[in-house]
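J.: Below, each chain spelled out in residue letters.
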Amino acid sequence: MPDGPGAAGGTEKGDLYGRVAVSLTVLAFLVEAGGVVARALSVQRAPWGNMYEFSITFSTVVVGVYLAILAAKKNVRWAGLPLVTTVLLDLGIATTWLYTDSDQLVPALDSYWLWIHVSTAIFCGAVFYLGAVGTVLYLFRDGYEANLARGGKPGAFASSVLERLPSAASLDKFAYRVNAAVFPLWTFTIIAGAIWAGDAWGRYWGWDPKEVWSFITWVAYACYLHARATAGWKGRKAAYLALFAFGCWLWNYYGVNIFLSGKHSYAGV
Amino acid sequence: MSVLAAAVTDPNTTVLNGALILALPIAVAAGLVSFFSPCVLPLVPGYLSYVTGISGTDLADARRGRMVAGASLFVLGFTAVFVSTGALFGYFGQTLQDHQETLTRVLGGLMILMGFFFMGLMPWITQREFRFHKRPAAGLAGAPVLGALFGIGWAPCTGPTLGSRHDAVVHRGERGARGRTDRRVLPRPRRALRARRDGVPAGARCVRLGQEALRLGDAHRRTDDDRDRHPARHGDLERHHSGHAGLDGQLHGGDLSSMSKTETTDETAAAAAAAEHDEQEFGEAGAQLSTAPRERAVPGSFGGVMQPGAAGRIAWAWRETTGWVRWFWRQLTSMRVALILLFLLSLGAIPGSLVPQTGVDETKVEEFRTAHETLAPVYDDLGLFNVYSSVWFSAIYILLFVSLIGCIVPRTWQFVGQLRSRPPGAPGRLTRLPAYTTWRTETDPEQVREAALAMLGRRRFRSHAVGDAVAAEKGYLREAGNLIFHIALIVMLVSFATGQLFKSEGGKLIVEGGGFANTLTQYDDFKSGSLFDRDHDLAPFSFTLDKFVGTYERTGPQRGTPRTYEAHVTYAEGADGAEKKTRIEVNRPLEVDGSKVYLIGHGYAPVVTVRDGRGREVFSGAVPLLPMDSNVTSSGAIKVMDGYRDKDGKKDQLGFQAFFVPTFAGAGKGTMLSQYPGLDFPVLALNAFHGSLGVDAGLPQNVYQLDKRKMKAFKDAQGADLKQRLLPGETMKLPDGAGSITFEKDVKEWATFQISQQPGNVPALVGAVAAIAGLAGSLFIQRRRVWVRAVRGEDGVTVVEMAGLGRSESSKLPEELADLAATLNSQAPTAPDPAEPVEGVRA
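Protein chains in written order, with our numbering: chain A, 1 to 269; chain B, 270 to 1112.
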């Protein structure tokens, strides 16, 4: 099945709206990046010391990665809507619940590993999120294609939205590439974290909740990458695994910080 | 009323400090004034044309919607900039304010320079041009960006209003500072709030400016007469590579052919059939492009027909057993089981993060046990307090690693075999391969093959000529990376495991001035791996804690958050090495002879002196107390074990329950909890007891707790338990001449250190680095085969065919093949087309 025409639906007017939207996204990205830089200037360090700072940087990077892929002339404009909506949600959460005033770092975070470990963690999360968006859309589109193949008549939502998405195969491939590309970096993030933990807490791996969940996330993504290459597991099953893996990442970020107490608790959250 | 009056007299005050609701309309009015300033108004038609992509003369016929959309997007653009600058100025207002004196002078100087500049007195500058040469595209898509540029570029020109606005934002800080008598720095939350609020009026002004732009845009359209339509622009619609899906399917086919498995579902049966089909098509060509395991296990009976008699029975049993063992082994080493084990591993790790773990925090486990009396034994049986060393979790990862080894070993041999053999020859029909190209050339087939061989060699393909074709393969590093990654995982696991066996870890609390020598008896607590030799493996070194420095945030909502922890120590390597001074910080352990000394915690140790009834000193020293909260409210016990005699001269023991706060809230404040972790207002509260401390039995006892079972409290004059709050230098008298205790004017700090030896880190690190490198190789390198066939056609012209096959899903393969073909084509150029066939033949 060929790719859909994109959100523009193939019309010139639709395409124009699409480009307006991208243009506004660029603007929003610049403003948000300005916010992150201002925060960094205000705290005079890497702005990743607490959940508020992590969240604003995270959403900026998500949009940045999306725009970078767009700039590389890849067909990913379809990811814009889910992406921007969730970025808005993330920013809302960041400013209403997670807001922390500018502040210095607690001694445990005062290390150059902060630059290495946290920046890669943020970047990995951003790319994993793009992958997850691709996977969710893949599941919808796959259902839609299966329905068409059975000779079913798609509903209004399916015919107006799903029809325009790239084909299930393209979405699946996009999600796989994105996840596979960043998986080595995620491995590096965990290892860098372990080295830092060795310096800061006197042990490299202590099954702290954050460590446990980054391990679970790693194993879940490893599982997905293997499943993707295994007959009988590729397709929807692998996609569910990918979503489980991203769910683990999300939980590792929000859940572990808020509900579990461990050594990764700083500045309240 | 007074607020309104203030608004009339000083709008800036109201906008910045007054009610927000009042600030909004004023900001809107200011926006209106800005908009009609001579700087802005004449520019409006030009901008409108630009952002809508409609030229002024074409305007009248344009639709209202487009005009409104363009103007709105433009407004959005500059709103973003104005709101940002508003917020930014609000935030940095205080900072700027702090340097107002300097700023005023610098800016004054700059103003004078600008004056010269305008007068043309500095031609060497004016001749240079600073302008953006890159313009955003005309039309709706560019409108927001243009708006932003407008916002940046024209911000200084939108009249005195904006200037005074932002100026006032800067000065607001001053008023805030004047409002307070002693501190010039505003509390942080107010600053942040202001930064946010400054954004709002800026936004409101943008709305006003924008509304005007919209209204004028509309008027602009209506008054224009020209009816020529702007030619429709053709947006470059994105191209879709619809071809990929088809190619992908074929690549999957190739993929499957190399790793066909026995699957049972319909879907996979169909896929397997397709794979089989492809395998027939590609023949050997697609074989072993990967060494992923083939699944050959056949469940069922393996014994076959049982021959009569005992020998037959034994033979059958043997066949059956070996058959099942082999089947089980194949199942275990299959990808599917490995996947299930991986998934179980991730699920199995979850409880360890939810249930307290003995290895992480033992006290929490104890709390849990007391809180859940029925649940705790169940958890114990399930090993939930030790998930990562529990039987079931170990079973999962051991099985996983056995499966991994069972998979890696044969794959490694296969891979070695592939490296020693050569790429398989070209399949019969190259046209069936996912990437294919062909052309005719005058060059001899032998020459073409030679050129192809040379070219592929230069591109670092492993290539050789087989029959009428050249076969080449590249990207072996993918498989190598894959194997390295999995082997590295095993290396890491083994080094962690051995590290656990040989490691040691101990804790030690040291009060300032105290020391430590690295022998077993000096540790407060110590644990080591089963192969660690406690007598000989401890590295000989010693250190003393000279001083501990802890600083804390003084102000703001983060007041009390630790800022620095430094332990200044003097250490000596070996039994009697030279003394060296250093600092141990949280992220900077001291490394001595393979041991690392980490700074783990700290607290206070008030110095007290206890005297008996005759004034004789029976105890004097710093008593470390345990912190109970983040403000270092501490508690502990002072035990006078021997040397004390009561007023009758009888031997007795004294015990004091001590409660210490580094910063007391003040008498009558209703709390004894510390208000700040620094030593601002230290207070020591004591309860006094006498009797038997219970230490004579020789049993180990908690030094921070008083065992009061055999002790009696001293009573005060009212008959209540004796207790008193002491400031440094104060003394509490015990009743009836029983003696006294003095809180000396000295509070020492103590630090806890963890001293650990953890061998096996180097192999683990090497393993980790190798794992990442291998992973990157296995995910980013494409393994692919290329064939070049050159045969002489019937008409004597050489037909060159090139085809490629990849294992991984990459769109790069067709591109690479095209590139290779172009290179080869330059050496074996395309022959002119044969004469057009005769009409009749074509029909």
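FYI, nobody ran anything at the bench for these hints, they're computed from the structure. It cannot be assumed that every hint is accurate.
On the chain B side, residues computed to face chain A include the following (Cβ under 8 Å) [as the list claims (entries may be wrong)]:
no., residue
1, 345
2, 653
3, 655
4, 657
5, 831
6, 1040
Just so it is clear, the structure is predicted and the values come from calculations on it, not from any experiment. Backbone N, C-alpha and C fix where the C-beta goes; we use that ideal spot for every residue, glycine too.
J.: Taking the earlier hints as the rules, which of them does this structure contradict?
T.: 2 and 3
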